[in-house]
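Chemist: Given next are the chains, with one letter for each unit.
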Amino acid sequence: MNEKIKKASRHTNQNEGLIFEKSSPGKRAFELPPLDVPAAEPAKALGALHRKEGIKGFPEVSEIEVIRHFTRLSTWNHAIDLGMYPLGSCTMKYNPRVNEFVARLEGIATEHPYQPQDLSQGCLKILRLLEKCLLEITGMDAITLQPAAGAQGELTGLLLIRAYLQKQGDPRKKVLIPDSAHGTNPATAVIAGYEVENIKSGAQGQVDVEGLRKLVTEDVAALMITNPSTLGVFEQRLPEIAQILHAKGALLYMDGANMNALTGITRPGDLGVDVMHLNLHKTFSTPHGGGGPGAGPVAMKKILEPFRPVPILVEKENGRLALEPIRPDSIGRVKAFSSNFGVLVRALAYILAYGPGVRQATEDAVLNANYIRKHLEGVYELPYSLPSMHEVVFSDALQKKNGVNTMDIAKRLIDYGFHPYTTAFPLIVPGALMIEPTESESHEECDLFIDAMKSIAEEAATKPEIVKTAPHTTRVRRLDEVGAARKPVLRWKPAAPRSTAAD
Amino acid sequence: MRYLPKSPVERQEMLAAIGAKSIDELFSSIPEKYRLREALKIPGPYSEAEVIQYFKERAAENAAGYTSFLGAGVYNHLRSVVTDTIIQRGEFLTSYTPYQAEISQGTLQAIFEFQTLMCQLTGQDVANASMYDGSTATTEAVLMAQRLTGRQRVLVARSVHPEYRDVLKTYAKNSGLRIEEIPFTASGTVDAKALQAALKDDLAAVVVQSPNFFGAIESYAPLAEAAHAVGAMFVVAITEGISLGLLRPPAEADIVAMEAQSFGLPPSYGGPFAGVIAAREKYVRQMPGRLAGQTTDSEGHRGFVLTLATREQHIRREKATSNICTNQALCALAATVHLTLLGKEGLREMAEQNLAKARFALAELLKIPGVRRTFDAPFFNEFTVELPRSVKIVNSHLVREKIVGPLALGTPYPELTKHALVCVTETTPRAEIERFAGALKRALEQPV
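These protein sequence lines map, in sequence, to chains A and B.
Count the first sequence with my numbering and you get residues 1 to 503, in order.
Count the second sequence with my numbering and you get residues 1001 to 1448, in order.
None of these hints come from the bench; they were simulated from the model.
There could be a bad hint or two in this list.
Ranges of calculated distance between the beta carbons of each label pair, as one might list FRET restraints [stated by the list, open to error]:
hint, chain 1, residue 1, chain 2, residue 2, range
1, B, S1007, A, D451, 19 to 25 Å
2, B, P1222, A, H11, 32 to 38 Å
3, A, L427, B, M1001, 46 to 52 Å
4, A, Q166, B, A1363, 48 to 54 Å
5, A, K173, B, T1296, 46 to 52 Å
6, B, R1002, A, H11, 38 to 44 Å
7, A, D270, B, M1001, 23 to 29 Å
8, B, D1202, A, E317, 47 to 53 Å
9, A, E465, B, M1001, 40 to 46 Å
10, B, I1052, A, P464, 34 to 40 Å
11, A, A39, B, R1372, 36 to 42 Å
12, B, A1017, A, L398, 52 to 58 Å
13, B, H1314, A, K52, 42 to 48 Å
14, A, E106, B, G1438, 50 to 56 Å
To be clear about the criterion: a stretch of chain A counts as covered by chain B if any three or more of its residues have a C-beta under 8 Å from a C-beta of chain B, and this derived list gives those stretches [as the list claims (entries may be wrong)]:
hint, stretch
15, 4–11
16, 48–56
17, 81–94
18, 210–220
19, 359–368
For every residue, glycine included, the Cβ atom is placed at its ideal position computed from N, Cα and C.
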């Protein structure tokens, strides 16, 4: 083993087949209490609707096999709990365990969305307090907690803009989106019924304000902007951008994916933003869980408030809280049953743990990103030199000379015990290395990461093959993605003869 | 602060290494006048004990200790402690979307197993890695049908969950879709005559739910035939997945949209749950959401990757099949573990208990003078009854006996005022069903 690899070492890794391959008729992992009413005869009760033969291929295993199966699978994952996960724009910070505990409390996890509101005051108070905290953090006037994730928040925000403009007589045609934006922005604009006009970034990777001035016409409904940008750079001229839009009757949408750079420091509402979403699974520490669930609350200025999705949380004169289902100008529902409530509980637990001290988390996140930038500048090319906030974007230009690209470096980082940074994004940086350490990394972990990145740069210069063929230490090597897409195998099917359990 | 791994000295050392005099210097790109001068006005900081205390106090203001007869898309089922044990493993809980396949094989294989289970349950060929919930899955299924047929008109049964229809209407407004609704018969199922009358070759999809919002089970074959006769997609929504342990799967459907909440996820005041889209293999390239696929590594070992990503927003941007990015992965994992625990026999037995208990409850309620059954179609674990007086008033009496009564149907269906949707699952003991029937009888005897 390479002595430069300080963070990781060899580890036994169990083989494990698919659960369907362990199945044997008659095994059970779950028993129900005995039925205490007369049994129904399904064939008689359901007739032709009855599935007599049972579900073909469904697993039949014991409890210990279930535990071992999923525990073995879990050991094949990297996770924040194991170490730094510097995926840019994903804000992979520590997910506090107390959040999981409170979300599972009897009286929280057990509550039905249709139970009487008099018996739901606890849930409604949680929603109300979270609303107030997020409004204070964003500097906005009104909020909806309904959207299930960031992309749905984006859609909600654009539908609010559309409804507002429609009310004035014309929803307009276009949404402007910088070429540095997340892919969800243009995909969302289309669902909201808008044409997308991509706008080119200026020489420093920021919005070209003079160019924008020409593009904002009476056809433009909104500009969707990410701040800090996907380069990790604060859009300094945002208030001016807002003025340009407002002068033409258009609105400013802010993608709040990078709010971890701003919380407690500055407020989008004060910068002229009209509407924005927050990713609670990024800035507010709810776990990513291998891809979700998240929550994407949308905060807005007063002008958009009448259009919020129903139901609306209101405070009654007697101090009781209620969800009101009807608002004449509402855009409607974007999701059944109010919200991803359990995710909102976790986010509030995070906010309460910090209180106003959440500013310290922002400061540490920005400190870590700048510390890493300082040490890797020159080792990797920095395509845009403006000050970094919570993340730093390098490119593979120096390593490309030896045939090593960002994906190779990312894969080699795995051997050093780190999850890769974000590769190939933003699109305006060819061969991007987008690094977001978050506040959850110690001085020591940042140093280990810097050492690993320097060591890989050296390898790229002296023995590029080891980088290009990485990772070398994982249970599988690089996987054939082209083959997977050409002939998709998307489910297990019983094979004859029976396939072997281990790889 | 306990979550932050830095001492004041370390912060100073790091600042010095950067060459910054103070932390404020790192924020110099934010114009001075926009920087907050005062601390945020939010409560805290709370110790761990205080955080727990706050939420315990809120929990006490809710309905813990009440027996509930609510379903309507969110169901109470038995859950094994094993499920929660597994999904709280940090390797699952605190990992990201498995884009880096070599260090995400655990998540990827679990998704592959989830996709397989969803196919087995629904009788479909392919299933995705999850959508937000049943309502958005149903909407995305309709948008998928729109892309596949190039048509804009959609017939949706009024017996589809009212909130699912609301979500569909929100999305449809700007997608060029025209939504029309099909009534239900006196039996509680889709009015096939009305459907026939509405069939035309401009139809993109026919959408039904089964068991439907009233608990009535639909017969798929004639509905599928009607849709297919004009080249439309037959879309089936399922809110109660446990029913598939006993009911024939919607094999006639072109697209199935399912809510997976019943598979080990708590009601949690409405979320997070997990939506599923399953479909015929030939439609896979128009599916929304992530898909895990089997492949091999450079040494020939089996492995899994996210595949067919050219459908997705991070590659296709404005031409993507959907804007979904974050999905409900951990909820889908919970469903995978839960269904693996239940297994073939456990799922069948759970479904049978639901069927038996709901039939017992209906029989008990029908003994009460003035209570009658609304619809006569076969049902699974939910049914509709008509009461001789307002459901809301009856429910206010039941609450005093620590019972959360059935859902009043009058708001979503004005013609069903005084009708109530009753749900009984394997978690409802016989004694509680009898106590409910007794309390209902007394409530109906109360002077107006």
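Chemist: If a hint holds in the structure, say so; if it does not, say that too.
Modeler: Consistency of the hints with the structure:
no., hint, in the structure
1, S1007(B) to D451(A): 19 to 25 Å, "holds (21 Å)"
2, P1222(B) to H11(A): 32 to 38 Å, "violated (58 Å)"
3, L427(A) to M1001(B): 46 to 52 Å, "violated (36 Å)"
4, Q166(A) to A1363(B): 48 to 54 Å, "holds (52 Å)"
5, K173(A) to T1296(B): 46 to 52 Å, "holds (48 Å)"
6, R1002(B) to H11(A): 38 to 44 Å, "violated (29 Å)"
7, D270(A) to M1001(B): 23 to 29 Å, "holds (25 Å)"
8, D1202(B) to E317(A): 47 to 53 Å, "holds (51 Å)"
9, E465(A) to M1001(B): 40 to 46 Å, "holds (45 Å)"
10, I1052(B) to P464(A): 34 to 40 Å, "violated (53 Å)"
11, A39(A) to R1372(B): 36 to 42 Å, "violated (25 Å)"
12, A1017(B) to L398(A): 52 to 58 Å, "violated (22 Å)"
13, H1314(B) to K52(A): 42 to 48 Å, "holds (44 Å)"
14, E106(A) to G1438(B): 50 to 56 Å, "violated (26 Å)"
15, 4–11, "violated (count 0)"
16, 48–56, "holds (count 7)"
17, 81–94, "holds (count 7)"
18, 210–220, "violated (count 0)"
19, 359–368, "holds (count 8)"
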